[in-house]
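*Asks:* Chain by chain, the residues:
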Amino acid sequence: MSGKDPGELGIYGFRNRKDYSYDGMSIANSTAVKEDRVWDILSRAGKEVIVLAVPGTYPPTPVNGCMVGCFLTPSAQAPYTFPPALKPELESRFGPYLLDVEHFRSEEKGRILEQIYRMTEQHFAMADHLVTTRPWDFFMMVEMGTDRIHHAFWKFFDPTHRKYEKGNSFENAIRDYYRFVDQQIATLLTVLGDETVVLVVSDHGAKKMVGGICINEWLMQEGYLHLLKPVAGVTPISKAIIDWSKTLAWGEGGYYSRVFMNVRGREPQGVIPPGEYEAIRDQLKRELEAMLDERGQPLGTRAYKPQEIYRNVRGIPPDLVVLFGNLNWRSVGSLGLGTVHTFENDTGPDDANHSEHGILIMREPSNGGGRWLEGLHLLDMAPTILSRFDGLAIPADMQGKVIH
Amino acid sequence: MTKGSDVESRGFTIWFTGLPCSGKSSVSSLLYEQLRAQGLKVELLDGDVVRQNLTKGLGFSKEDRDENIRRIGFVCHLLSRNGAVAIAAAISPYREIREEVRGLIGRFVEIYAKCPLEICIQRDVKGMYKKALKGELSQFTGISDPYEEPLSPEVTIETDRETPEESAAKIIQRLEELGYLPPAHVPQQSYTPEEEAAIHDRLKQLGYL
Numbered sequence: 001m002s003g004k005d006p007g008e009l010g011i012y013g014f015r016n017r018k019d020y021s022y023d024g025m026s027i028a029n030s031t032a033v034k035e036d037r038v039w040d041i042l043s044r045a046g047k048e049v050i051v052l053a054v055p056g057t058y059p060p061t062p063v064n065g066c067m068v069g070c071f072l073t074p075s076a077q078a079p080y081t082f083p084p085a086l087k088p089e090l091e092s093r094f095g096p097y098l099l100d101v102e103h104f105r106s107e108e109k110g111r112i113l114e115q116i117y118r119m120t121e122q123h124f125a126m127a128d129h130l131v132t133t134r135p136w137d138f139f140m141m142v143e144m145g146t147d148r149i150h151h152a153f154w155k156f157f158d159p160t161h162r163k164y165e166k167g168n169s170f171e172n173a174i175r176d177y178y179r180f181v182d183q184q185i186a187t188l189l190t191v192l193g194d195e196t197v198v199l200v201v202s203d204h205g206a207k208k209m210v211g212g213i214c215i216n217e218w219l220m221q222e223g224y225l226h227l228l229k230p231v232a233g234v235t236p237i238s239k240a241i242i243d244w245s246k247t248l249a250w251g252e253g254g255y256y257s258r259v260f261m262n263v264r265g266r267e268p269q270g271v272i273p274p275g276e277y278e279a280i281r282d283q284l285k286r287e288l289e290a291m292l293d294e295r296g297q298p299l300g301t302r303a304y305k306p307q308e309i310y311r312n313v314r315g316i317p318p319d320l321v322v323l324f325g326n327l328n329w330r331s332v333g334s335l336g337l338g339t340v341h342t343f344e345n346d347t348g349p350d351d352a353n354h355s356e357h358g359i360l361i362m363r364e365p366s367n368g369g370g371r372w373l374e375g376l377h378l379l380d381m382a383p384t385i386l387s388r389f390d391g392l393a394i395p396a397d398m399q400g401k402v403i404h
Numbered sequence: 001m002t003k004g005s006d007v008e009s010r011g012f013t014i015w016f017t018g019l020p021c022s023g024k025s026s027v028s029s030l031l032y033e034q035l036r037a038q039g040l041k042v043e044l045l046d047g048d049v050v051r052q053n054l055t056k057g058l059g060f061s062k063e064d065r066d067e068n069i070r071r072i073g074f075v076c077h078l079l080s081r082n083g084a085v086a087i088a089a090a091i092s093p094y095r096e097i098r099e100e101v102r103g104l105i106g107r108f109v110e111i112y113a114k115c116p117l118e119i120c121i122q123r124d125v126k127g128m129y130k131k132a133l134k135g136e137l138s139q140f141t142g143i144s145d146p147y148e149e150p151l152s153p154e155v156t157i158e159t160d161r162e163t164p165e166e167s168a169a170k171i172i173q174r175l176e177e178l179g180y181l182p183p184a185h186v187p188q189q190s191y192t193p194e195e196e197a198a199i200h201d202r203l204k205q206l207g208y209l
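Chains as they are written, first to last, in the working numbering: chain L, 1 to 404; chain C, 1 to 209.
Looking at chain L on its own, in the form it has when it is part of the complex (with noise of 0.2 angstroms):
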């Protein structure tokens, strides 16, 4: 929403270095977003904004018009809004804020799925109590339902899924909670009216979870990272006793994987000399590009140097950004698991990956639609947005073009 790449904001994860310790990480929440969004943007300019639930939005900040805060919110007792006095409003009428689906990692599957309606049922209803209770010029939610559906649900309908079983009873829960959530959708559409342009955007997109790449297994394997004492049982590579003496880089779990190299004069105890890291970083991200399957197949892996792939590299970069096997393989970061290649989560069940496209639906009551539209890219959101208010300069440095 700032139309700025990652490397720009100098946030590269939901936990991102803040210094080069070996530990050094801190949850990225609005805090370490330095630009403007759109809502600031549009602040400033004296529109009204109502902004519910976006990631990146937690502790709120001033706007002209109200913010309520996403699901990196540490608690509903959370000071969760702007202005502060919205949240006994929501409260008195909503009930506790449901940040997200709590023991996400979990068997229960039909908590889980309970848990997914009544959070989406509660932002939507908020939404509509929002928009319809205050002036706004700009409105905008998300809903975090559906990326979480497909992490608990993916296998119970993709036959091509290894976990997939016919005939189970959930084999529609993602179906009908679509279901569910156009009508949803439907419903505020109504209350929004035909002269307003809507966008319906995902972030991400989401696949089958083929497996996972445990990827300091591997990199145990190849001999660039050391432990002093092996680890006992699945442990995650914060509690792993590592020998940086002779360790060269580590990495993070995730949907996709960071790989953070040792440094000589860099991190504390760093070895490799500055002038070889380029070799080494080119050597890494060839070996990792040559990851075989658990049947000896090329992976498909893709690694970037930030460099590579962003405009500008703020703040504390990994080395590398790795995309496993073309997102069908997510990245574990524990160590224990004794393989390379895994079926199971280090974290517990997880079915789906995100994926590189997402999805975009545009209304525009000025345009007949019915058009594909294609060559998108997220950072089209912010120009995109913004050239819809009349007289709104568009930012020279955001990224993106205007979608038309």
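In case anyone wonders, no lab produced these hints; they're calculated from the structure.
Note that this is a predicted model, so its numbers are computed, not measured.
Hints should not be assumed to be uniformly reliable.
If you want a taste of the chain L side facing chain C, the calculated C-beta under 8 angstroms gives, among others [unchecked claim]:
no., residue
1, 14
2, 43
3, 62
4, 63
5, 72
6, 74
7, 83
8, 87
9, 96
10, 100
11, 104
12, 255
13, 350
Think of the CB as a built atom: it goes at the ideal place given N, C-alpha and C, for glycine as much as any other residue.
Dock chain C against chain L, hints included.
*Replies:* Showing chain C alone in chain L's frame:
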């Protein structure tokens, strides 16, 4: 909470008072910009500008000065009760009328632009002090007309010792203390260690880590 009361509760008036050339206009315009940047609806009623329209024709007798302030106060009242931040920057030399306006508006923050007369005379932005000192202006505040300092302003800015930026920051801090503005841009501490641990666990469960 209804829409009306929510909007109403946010408005207030920031009232600058001080000698001519005491820094009211420069600090108030800076404050105006900063509050606008926070996304607030702000209007600035500068004494010199207001005398060209709203209070055109009024002179500088005590009666006319009070009428000038009363009209500015009336507009500030309308703006404040409609959720806007009204900033008035006029000499407003008389304590009694300032108190009358305060009573009318309620949500009223008085800023005393304090500056020694000698410094104001040195600044003499429009050459008015010079004229007054020569005896060419009969009712010029500080020279040939009285100025009554506020007894308990919410904020005193000392414009001979502070930069306009420092004065504006001082006012914003006081507005936060008084509850007119939310504290800082964002809370200073983003998470306690317990909150960070809870979020870390949540992100881990969600698969982001």
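*Asks:* Hint by hint, note whether the structure agrees.
*Replies:* Hint-by-hint comparison with the structure:
{"no.": "1", "hint": "14", "in the structure": "5 angstroms, holds"}
{"no.": "2", "hint": "43", "in the structure": "3 angstroms, holds"}
{"no.": "3", "hint": "62", "in the structure": "5 angstroms, holds"}
{"no.": "4", "hint": "63", "in the structure": "5 angstroms, holds"}
{"no.": "5", "hint": "72", "in the structure": "6 angstroms, holds"}
{"no.": "6", "hint": "74", "in the structure": "4 angstroms, holds"}
{"no.": "7", "hint": "83", "in the structure": "7 angstroms, holds"}
{"no.": "8", "hint": "87", "in the structure": "11 angstroms, violated"}
{"no.": "9", "hint": "96", "in the structure": "15 angstroms, violated"}
{"no.": "10", "hint": "100", "in the structure": "6 angstroms, holds"}
{"no.": "11", "hint": "104", "in the structure": "4 angstroms, holds"}
{"no.": "12", "hint": "255", "in the structure": "7 angstroms, holds"}
{"no.": "13", "hint": "350", "in the structure": "5 angstroms, holds"}
Violated hints, in rising order: 8 and 9; the structure is consistent with all others.
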